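Visitor: Residue numbers (our numbering), protein chains in the order written: chain A, 3 to 649; chain B, 174 to 408.
There's no promise every hint is true.
[Said to hold, decoys possible] If you anchor each label on the Cβ, the simulated ranges turn out as follows: (1) G336/A / Y406/B: 44 to 54 Å; (2) L268/B / D148/A: 19 to 29 Å; (3) T248/B / K527/A: 45 to 55 Å.
[As the list claims (entries may be wrong)] Chain B regions said to be covered by chain A (calculated; three or more residues, Cβ under 8 Å): (4) 199 to 206; (5) 272 to 284.
Hint data in this document are derived by calculation from the structure and do not stem from the laboratory. Fair warning: this is a prediction, and the values are worked out from it, not measured in the lab. A virtual CB, placed ideally from N, CA and C, is assigned to each residue, including glycine.
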Amino acid sequence: MPIRGQHTITWNDLRRHLGKVEKPARYTGGEINAKHKDPQSVDILFALAFPDVYEVGMSHLGSQILYSVLNNRHDVSCERVYAPWHDMESLLRERCWPLFSIENRLPLSSFDIVGFSLQYELTYSNVLMMLDLGGIPLRSKDRAQDAPLVIAGGPCAMSAEPMADFIDAFALGDGEELSLDIVDTYKAWKGTGRSRSDLLVMLSLVESVYVPSLYDVEYNGDGTLGRVVPRPVKLDDQSYQSIRAETGNPALRRSCFPEDRPGWFIAPSGVRRRVIKSIDHAAFIDQPLIPLMEPIHDRAMVEIFRGCTQGCRFCQAGTIYRPVRERAPGTISGYARKLLEASGYDEVSLVSLSSADYSHIEELISRLSADCSRAKISLPSLRVDSFSVELAKMLGTSKTGLTLAPEAGSQRMRDIINKKVTEEDIFHAARHAFASGFSHLKLYFMIGLPGEADHDVVAISNLVRKIRQIGRDMKARPTVVASVSGFVPKPNTPFQWEPCIQPDELRRRQRLLKGGLRGPGLKFKYHDVELTWLEAVFARGDRRLSAALELAYQRGARFDAWANLLDIGLWEQVFSDTGLDPAFYAHRERGIEEALPWDHLDSGVSKTYLLLERGRARKGATTRDCRTGDCVGCGVCSRLGVEVSLK
Amino acid sequence: MRVRVKYKKGDTVRFLSHLDVARNMRMALKRAKWPVAITRGYSPKMRVSFYSPLPVGTSGEEEYLDVTLDKNGITDFIQAKAKGAGHLLSNSDILAQLAGALSNALPKGFAVCELVVVHNGQKPFESQIQGSLYRTEIEEVTADTLSSSIEAFLAEEQVLFEVQRPKESRTMDLRDFVESISLIPGSSPATLFMTIRHDNGRTVRPQWVIDSLSRFGMDINTGEVIVDRLKLYFG
Chain A
3 MPIRGQHTIT
13 WNDLRRHLGK
23 VEKPARYTGG
33 EINAKHKDPQ
43 SVDILFALAF
53 PDVYEVGMSH
63 LGSQILYSVL
73 NNRHDVSCER
83 VYAPWHDMES
93 LLRERCWPLF
103 SIENRLPLSS
113 FDIVGFSLQY
123 ELTYSNVLMM
133 LDLGGIPLRS
143 KDRAQDAPLV
153 IAGGPCAMSA
163 EPMADFIDAF
173 ALGDGEELSL
183 DIVDTYKAWK
193 GTGRSRSDLL
203 VMLSLVESVY
213 VPSLYDVEYN
223 GDGTLGRVVP
233 RPVKLDDQSY
243 QSIRAETGNP
253 ALRRSCFPED
263 RPGWFIAPSG
273 VRRRVIKSID
283 HAAFIDQPLI
293 PLMEPIHDRA
303 MVEIFRGCTQ
313 GCRFCQAGTI
323 YRPVRERAPG
333 TISGYARKLL
343 EASGYDEVSL
353 VSLSSADYSH
363 IEELISRLSA
373 DCSRAKISLP
383 SLRVDSFSVE
393 LAKMLGTSKT
403 GLTLAPEAGS
413 QRMRDIINKK
423 VTEEDIFHAA
433 RHAFASGFSH
443 LKLYFMIGLP
453 GEADHDVVAI
463 SNLVRKIRQI
473 GRDMKARPTV
483 VASVSGFVPK
493 PNTPFQWEPC
503 IQPDELRRRQ
513 RLLKGGLRGP
523 GLKFKYHDVE
533 LTWLEAVFAR
543 GDRRLSAALE
553 LAYQRGARFD
563 AWANLLDIGL
573 WEQVFSDTGL
583 DPAFYAHRER
593 GIEEALPWDH
603 LDSGVSKTYL
613 LLERGRARKG
623 ATTRDCRTGD
633 CVGCGVCSRL
643 GVEVSLK
Chain B
174 MRVRVKYKKG
184 DTVRFLSHLD
194 VARNMRMALK
204 RAKWPVAITR
214 GYSPKMRVSF
224 YSPLPVGTSG
234 EEEYLDVTLD
244 KNGITDFIQA
254 KAKGAGHLLS
264 NSDILAQLAG
274 ALSNALPKGF
284 AVCELVVVHN
294 GQKPFESQIQ
304 GSLYRTEIEE
314 VTADTLSSSI
324 EAFLAEEQVL
334 FEVQRPKESR
344 TMDLRDFVES
354 ISLIPGSSPA
364 TLFMTIRHDN
374 GRTVRPQWVI
384 DSLSRFGMDI
394 NTGEVIVDRL
404 KLYFG
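From just these sequences and the hints, can you work out the full model?
Guide: Right under this line is the structure:
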C-alpha cells in the first residue's frame, strides 16, 4: 500500500519511458489552471476519474465543473486520472507502476475518494481496468478499511446496477452540491476511526446517494427481477447512537432507525435524484482547464441551460436532467467573455441539450457577437427547423456544413417518438439551409425504433433523396449525409420496456437503406451493430451482469465504445461462460408489472407518466413541451421540489 | 511589424507534438493580448510562422517563431501600455512589454528567451537555419560500449535510413546530415552531442541516428533515448 502523498512515479521515470507510447502528452498534464496542491496540506484527496482517454475526458464539461467545485475547497485536493491507452497500460504493467493522477502523479490507491464519471455503458470495462491498475480491489466487498471510497456519477448512475458490485456509492443527479455533501460526510467519518461499513451507512443517509451494497436483490423463478430491498444492518452501539444522532431529517431517522429494532439500520427504500434549483451562477468555471494537447472539443464551453422538456421518447437525457433551468443572457455573455479571455480560445460553444430552445437565443447571440468580437459561436444541438438554420447562418461558425436530427424518416415514426417536426418543417429547413449557402447537410436518424415497419425505414432514404433534390433544384451542389444508428431502449424513458431489435434484423434494416442512399451527393453512415447490441445489454442490465463485466475485463475487454476495439466474440464467450443470456437483457420486452433494476432510483419523473407516454406513443399521439405550454404532469417539479426556470 | 520570438520548449513539455506547441503558442498570444495580424480570407488565422519543428519527446532550448503584428493593433497596444507606464515607450520598451505579456501567458515549461524585430528583405528564416546541436542521453548504456559503434558510423561514407511515415516511407542518408558526434567519455547514461545539418528545411533526427547504430553493433531500446535540442546555427 503506497503511503499517502508519496510520489511513486517521478518525472524522470516518465521522461525516460513515455517515448514508447502514443501521444505521451496524455499523461504529463501541465494544463493551464490545473491545481497542484500539496497532498499533506488538505484533508481529502479526491481523484476525478474519467474512464476514457485524456482528450475525450478533457472535453467533458461536467468533469471541469466538478474539478472546479472540489478544488475551490481549501480542505480538498482534486486531481484527475484518465483511462490509459493500451500501450500505456502495457507500460504500467511492465514497469509495475500503479495508475497515477495527472497532477501529482499519485497512485490511485492513495486517494481518499475516487469518483468515476459514467457517461456511457461501454466505458464500464475501463472503470475496472482503472481500479485494477490503480491497485484498488475491483469489488466493493473486497476493499479494506484504508482503500479509497469508490463513487460514480453521471447519467449511467441512474441505472447502473451492472456496476453495483464495483462501486461503493453512486451519486444521482446534479453534482455541484452533492459532491461536496459526499466529501463532508467522508471528512466527518475519516477522523473517527469507525469502520468502512459505517461510512457506507453514513453515505446512504445523504440525499441522492445510493449505496448498492445496502440492498438485497431478489429474483423471480423466470429470472426477472423480484424486488430490490434495503438489507437491515446491525451497527455497534456507538455507531448506532452517533449516526442516528447525526441524522438531521426526522422522517429519515424514523424510517432508517426503526424504534422496534434498536441497533439496526435500514437504508432508505428509494433514492431520489439531486437537482440544483438554479444554474444561473452555479457551475461556472472561472479558471477553465486548458489542456496542452488538443482535446476532441477544442473550444470554450458555456452551459446555457440544463434539462430539456421536448419530450422525445427515446431520449434519456430528456428525463434525467429535468426540469429546464436557464441561465440569464447577461450571465452567459459575461461568462463567455471571461472564458475566452482566460483561455485564448477563439470559439465558444453554447452547451445544452437543445440550444435553439433557449428562450432568448437571438438576443444572446447578438449580445455575444457584440461582447466577444471575433470569437466564433457554436450551437452544438440544433432543432430541425428554419429558425435553427437561421441561427446557424447568423453564427457563421461553419459556412458549408450543417447537422440536423430528424431522427426518423416517416411522419408516423416521428409522432411515435414525439419528435415534433413535420416533413414540411424539414424541407423548409433544408431549403433555408441551401439558400444560406450550406451545401453539406448531415442528418441523424435512428432505426429499430418501437413500432417501426420496413416502409418507415425506407422513408429515411426517400426523405434524404428529396432533400438532395431540393438542393439540386436550388443549384446548391448538395451533399446529404445520413448517419443512422441503431435504437437502444434506455432506462427512464417511455421506451424502457421495449425490446432492442436483434443484430441480424438491424443489419437487414441497414441493408434496406443502402440501395436508396447510394448515388452522387449522398452518403450513408451507420453504426456497428455490435456496439448497439452490447450497449442494449448493459443499458437495462441488473447486478448479475457484474460477473460478465469482470470476466470480460480479465480477458482483455477495454475501450468497448471504440468500434474498432470492441471484441464481440470475447463478449459472447463471456456471456456464455457466466451463464448470462444477453438476449434476456437486450431483446426482451419487459412486462408493465415487472420490477425494473432502476425502479428504486427515482429520476423524479414518475413511472406512471412514462407509461402514459408509452401509451401515447403507441397511438402516435404527440406531447407538447411544458416549457411553453401547460404542465404535462411528469412529476419532476413536485417530487423534487424544483420548478422550470426560464429567464 | 514582424517580431521573432526565441523561446524554450522545456523538459516538462517535451512530449508535446509540434502541432500542440503551435496551438499553445497561438492561444498564449491571444491570452497575452498581442495585436497579432489576422489573415484575410475564408477562415481567418493568426499570422504566425513556426520553424524547424521538433518531434514528440524532444525539448528545445532555443526555438523560434515569427509573429506579424497588426498596424492599428500595435498602436493601441502601445498607447495602452504607455498610459500604464506614464511615458512614451521606446522600441525596446515595446518589445519588453510584449515579451512580459507572452511570458505570463505561456504554460509552464515554455519560456520567452528573446524578442527581436525582423526587418524586411531577409532570406526566408527556414533557409537561414544551417544546423542543430542536440544533446542525447541514452539510458542503460555507457559511453564505453557506445564509442566503437559511433566511430563505425562516422567512418561510413553513407548511412541510408528508411524513414517511416504514415503514408509513405523515404530513404535518407543520415551520414550526409551528421556533421559531428562527440561522446562524453565515461558518461553514464551515455551522453553525446550531435551537430546535424539543415538543408532548406530538410534535416534528420538524432533518434534516427541512434536507431541506425544497430547496424554497427548497438541495439538500443527506443524510448529510452532523451533528446534535447540546445541550439540552432544560422548562416
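Visitor: Failing hints, ascending?
Guide: Structure breaks hint 2 only.
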